Amino acid sequence: MKLTRIDVLICFGSGCISAGAPKLKERMIELLDEHNMLGEVNIIETGCMGPCDAGPVIMVYPEGVFYKKVTVEDIDEIVTEHFLKGRPVQRLMEDADAERKAQTKKEIPFYQKQVKVALENCGYLDPESIEEYVALGGYEALGTLLTEKTPEDTIDIIEKSGLRGRGGGGFPAATKWRFARKNSRFPKYIICNADEGDPGAFMDRSLLEGDPHRILEGMMIAGYAIGAEMGFFYIRAEYPLAIKRIKLAIEQAKEWGLVGKNIFGSDYSFDVEVRSGAGAFVCGEETSLIASIEGERGEPRPKPPFPSDFGLWRMPSVVNNVETFANLPTIIRKGADWFASFGTETSKGTKVFALTGDVKNTGLVEVPMGITLKDMIFDVGGGMTAGKKFKAVQLGGPSGGCLTEEHLDVEIDYESLKERGSMMGSGGVIVMDDSNCMVNIAKFFLDFTVDESCGKCVPCRVGLKQMQQILTKITEGNGTEADIDKLEELGHMIKKLSLCGLGQTAPNPVLSTIRYFRNEYEAHIRDKSCPSRVCQNLYYFEIDKDKCIGCSLCARKCPTKCISGSREEKYTIHQIDCVKCGTCMEVCPVKAISTFPGIHSDVSAVKDKVANDD
Amino acid sequence: MQKDSVLYQELREVINEKKSLRNPLIEILHKAQDIFGYLPPEVQEFVAEELNMPVNKVYGVVTFYNAFTMKPRGKYVINVCTGTACYVKGAPRIIQMLTEILGVELGETTEDKKFTLTAVRCVGACSLAPVFVIGDDTYGRIETRAQLQGILDKYLKDEV
Numbered sequence: 000m001k002l003t004r005i006d007v008l009i010c011f012g013s014g015c016i017s018a019g020a021p022k023l024k025e026r027m028i029e030l031l032d033e034h035n036m037l038g039e040v041n042i043i044e045t046g047c048m049g050p051c052d053a054g055p056v057i058m059v060y061p062e063g064v065f066y067k068k069v070t071v072e073d074i075d076e077i078v079t080e081h082f083l084k085g086r087p088v089q090r091l092m093e094d095a096d097a098e099r100k101a102q103t104k105k106e107i108p109f110y111q112k113q114v115k116v117a118l119e120n121c122g123y124l125d126p127e128s129i130e131e132y133v134a135l136g137g138y139e140a141l142g143t144l145l146t147e148k149t150p151e152d153t154i155d156i157i158e159k160s161g162l163r164g165r166g167g168g169g170f171p172a173a174t175k176w177r178f179a180r181k182n183s184r185f186p187k188y189i190i191c192n193a194d195e196g197d198p199g200a201f202m203d204r205s206l207l208e209g210d211p212h213r214i215l216e217g218m219m220i221a222g223y224a225i226g227a228e229m230g231f232f233y234i235r236a237e238y239p240l241a242i243k244r245i246k247l248a249i250e251q252a253k254e255w256g257l258v259g260k261n262i263f264g265s266d267y268s269f270d271v272e273v274r275s276g277a278g279a280f281v282c283g284e285e286t287s288l289i290a291s292i293e294g295e296r297g298e299p300r301p302k303p304p305f306p307s308d309f310g311l312w313r314m315p316s317v318v319n320n321v322e323t324f325a326n327l328p329t330i331i332r333k334g335a336d337w338f339a340s341f342g343t344e345t346s347k348g349t350k351v352f353a354l355t356g357d358v359k360n361t362g363l364v365e366v367p368m369g370i371t372l373k374d375m376i377f378d379v380g381g382g383m384t385a386g387k388k389f390k391a392v393q394l395g396g397p398s399g400g401c402l403t404e405e406h407l408d409v410e411i412d413y414e415s416l417k418e419r420g421s422m423m424g425s426g427g428v429i430v431m432d433d434s435n436c437m438v439n440i441a442k443f444f445l446d447f448t449v450d451e452s453c454g455k456c457v458p459c460r461v462g463l464k465q466m467q468q469i470l471t472k473i474t475e476g477n478g479t480e481a482d483i484d485k486l487e488e489l490g491h492m493i494k495k496l497s498l499c500g501l502g503q504t505a506p507n508p509v510l511s512t513i514r515y516f517r518n519e520y521e522a523h524i525r526d527k528s529c530p531s532r533v534c535q536n537l538y539y540f541e542i543d544k545d546k547c548i549g550c551s552l553c554a555r556k557c558p559t560k561c562i563s564g565s566r567e568e569k570y571t572i573h574q575i576d577c578v579k580c581g582t583c584m585e586v587c588p589v590k591a592i593s594t595f596p597g598i599h600s601d602v603s604a605v606k607d608k609v610a611n612d613d
Numbered sequence: 000m001q002k003d004s005v006l007y008q009e010l011r012e013v014i015n016e017k018k019s020l021r022n023p024l025i026e027i028l029h030k031a032q033d034i035f036g037y038l039p040p041e042v043q044e045f046v047a048e049e050l051n052m053p054v055n056k057v058y059g060v061v062t063f064y065n066a067f068t069m070k071p072r073g074k075y076v077i078n079v080c081t082g083t084a085c086y087v088k089g090a091p092r093i094i095q096m097l098t099e100i101l102g103v104e105l106g107e108t109t110e111d112k113k114f115t116l117t118a119v120r121c122v123g124a125c126s127l128a129p130v131f132v133i134g135d136d137t138y139g140r141i142e143t144r145a146q147l148q149g150i151l152d153k154y155l156k157d158e159v
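These protein sequence lines are chains A and B, in that order.
Under numbering that gives the first Met the number 0, the residue at position 607 of the first sequence is numbered 606, and the numbers go up by one with no gaps.
Under numbering that gives the first Met the number 0, the residue at position 59 of the second sequence is numbered 58, and the numbers go up by one with no gaps.
With the rest of the complex left out, here is chain A (with noise of 0.2 Å):
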């Protein structure tokens, strides 16, 4: 083997690709080649290393320093001084507003609060090499189970540990297992659901690009409990890097007889295949998913009876979730109690979160169940971005609900998040400032439920577009008082009777926003007012006479030539053509131009006039 003085991680996730990880790959070996020092060095292509938001990211071992938010120019000097004269750059390295500047990964802020078992080497290893999976334990605990433990076993430790199903629904997995374990019909299947629809979500993505191998184990230890021996990967095929991954582990585990006859010289044998999804939110939900790998519309059936006994091709199968499998092999190998230790009474161990939105660290992170919303946010998340307040954040995706301000000190599991309105869903948090309109933001999720629905149930097809109607009334002025009970009640309504979760789940949005932002409804509706200046037909532009300078910039630009004046009158908008753009707004030179909430009298003038002439 190579031995080799520095070894550097690149953060090749989805995130730094795009910011440009592989640009300065290149140039780093370029300068290494020129300085003759390729030998010395060990440059690892990772995955997402979590903090995305300073991408591209940078670690350098046997140190541990991590540079942020690098460019090629950078490249040189990491390399003349860190490299060559061993004189980390200090510059480059995080938090350049800090006190005191962090060093090393242990020091840095968003990494302190974070267990990481899922990501336990998402980051840290090179997700096409088998060989670095198994150098750090990878593997292991598959052989130990083939080698040591029955079936039953299996299901015992998992069920000891407390682990529940990681795509939304937090149903125990070693429960669904049984029942698939009991059902005495063969063969079985074991299936990875990684059509990760949830807009806002990418912890899926990265634990599969990251670490392809641990999803593989997981697979396998999952489907030797079941009793299944042969194995589907269903992922998105928005996802193209994670399905390449996957199917290059299968390859080499393969080659390594790690998949195949007779695994670790047990009577176990296993074979899996990858199908990719089609962009149909729905297939998300465990029967469309088996719908659609046997090649038909991605519809859902009513349950019972489970996939656990009548699934794929109607036999016997589990529909995992990929972060449900990544916890697999680590439970094996410390033990349930060890996973058990983290978390609170009913969900035990940790989760992957895809942080986003307005908060400086956007990324993804991994921390025990029970840490509040607010650790989460202000400690992991750094906080929101420059200058901006909390307002709300959103978990869950389409299927969940916002929680505000009074719910940071919440801790964080499966029970608590849905007495308050909203779930755990899959793991995305979107976190909002003071910007965001409640009442559109819903109308957003509702948008996107009613486009996603499979229209098979009447509730969730015709049911979410009347409560999109009524939303799409609200926000365009036109909503009235008894607006707000009507959605109420269709929303309840469409909970109780659909077929499946999409439509059990879509009104959670506009239910939960109700609850605790009501008063932005009403102001929507009995002041046909935005406050947060988001709805179009309810808030205006207007020039401060004060401020203008007479440029005539804004005019000039106007698309609709809807602003007039001159350099010693000033300029004034004409309300009624003006299509609120903003196009005025991002040009003024002395930033005279801001936004109110309400309909401006000059359109209110025009609007009762019509009516009156009705």
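No wet-lab data here; the hints were simulated from the structure.
This one's a predicted model, so the numbers in the text were calculated from it and none came from an experiment.
The reader is advised that the hints may include incorrect statements.
The calculated label-pair distances, taken between Cβ atoms and stated as ranges, are [stated by the list, open to error]: (1) B:105 - A:22: 30 to 38 Å; (2) B:55 - A:492: 29 to 37 Å; (3) B:104 - A:71: 31 to 39 Å; (4) B:9 - A:270: 23 to 31 Å; (5) B:91 - A:86: 45 to 53 Å; (6) A:312 - B:16: 34 to 42 Å; (7) B:55 - A:518: 49 to 57 Å; (8) A:268 - B:136: 39 to 47 Å; (9) A:588 - B:100: 18 to 26 Å; (10) A:585 - B:104: 18 to 26 Å; (11) B:16 - A:80: 47 to 55 Å.
C-beta atoms are modelled at their ideal positions from N, C-alpha and C, and glycine is treated no differently.
Position chain B relative to chain A; hints supplied.
The following block gives chain B in isolation, referenced to the frame of chain A:
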């Protein structure tokens, strides 16, 4: 197009290769769309015939999934991410600017068949929001029209 053309030949090879899988329809349609760029009725008929299944089943699957299209697309497909993070960070504005620059609405193709403008749910690059994807390239944190224009120009000159 003649059914014995090179493209159909290629599709036939794909079908023969995938035939051994159980229910390979969706996998085959993905490849067919890669080959033809879209899935016109003729291609669907061809697939149905080769797989010995009714055309209505193929049509049912094609129309169900967002990834399949029956309309021809431009050389470059611009997928604007409208996931929550991007939405909150300004995806609607990106779409508005792109429709103005390209002169087409969402789902349409420019007259010179260069660009098709579409929206996707979430590309999972939320930390770079707002994001759009052209081919395999992801562009994030776009704020101004000039930045957009600069990116489109590269494609207009085929410098990619």
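Verification of the supplied hints:
no., hint, in the structure
1, B:105 - A:22: 30 to 38 Å, "32 Å, holds"
2, B:55 - A:492: 29 to 37 Å, "33 Å, holds"
3, B:104 - A:71: 31 to 39 Å, "38 Å, holds"
4, B:9 - A:270: 23 to 31 Å, "28 Å, holds"
5, B:91 - A:86: 45 to 53 Å, "47 Å, holds"
6, A:312 - B:16: 34 to 42 Å, "22 Å, violated"
7, B:55 - A:518: 49 to 57 Å, "51 Å, holds"
8, A:268 - B:136: 39 to 47 Å, "41 Å, holds"
9, A:588 - B:100: 18 to 26 Å, "24 Å, holds"
10, A:585 - B:104: 18 to 26 Å, "23 Å, holds"
11, B:16 - A:80: 47 to 55 Å, "53 Å, holds"
The earlier numbered hint that this structure contradicts is number 6, and it is the only one.
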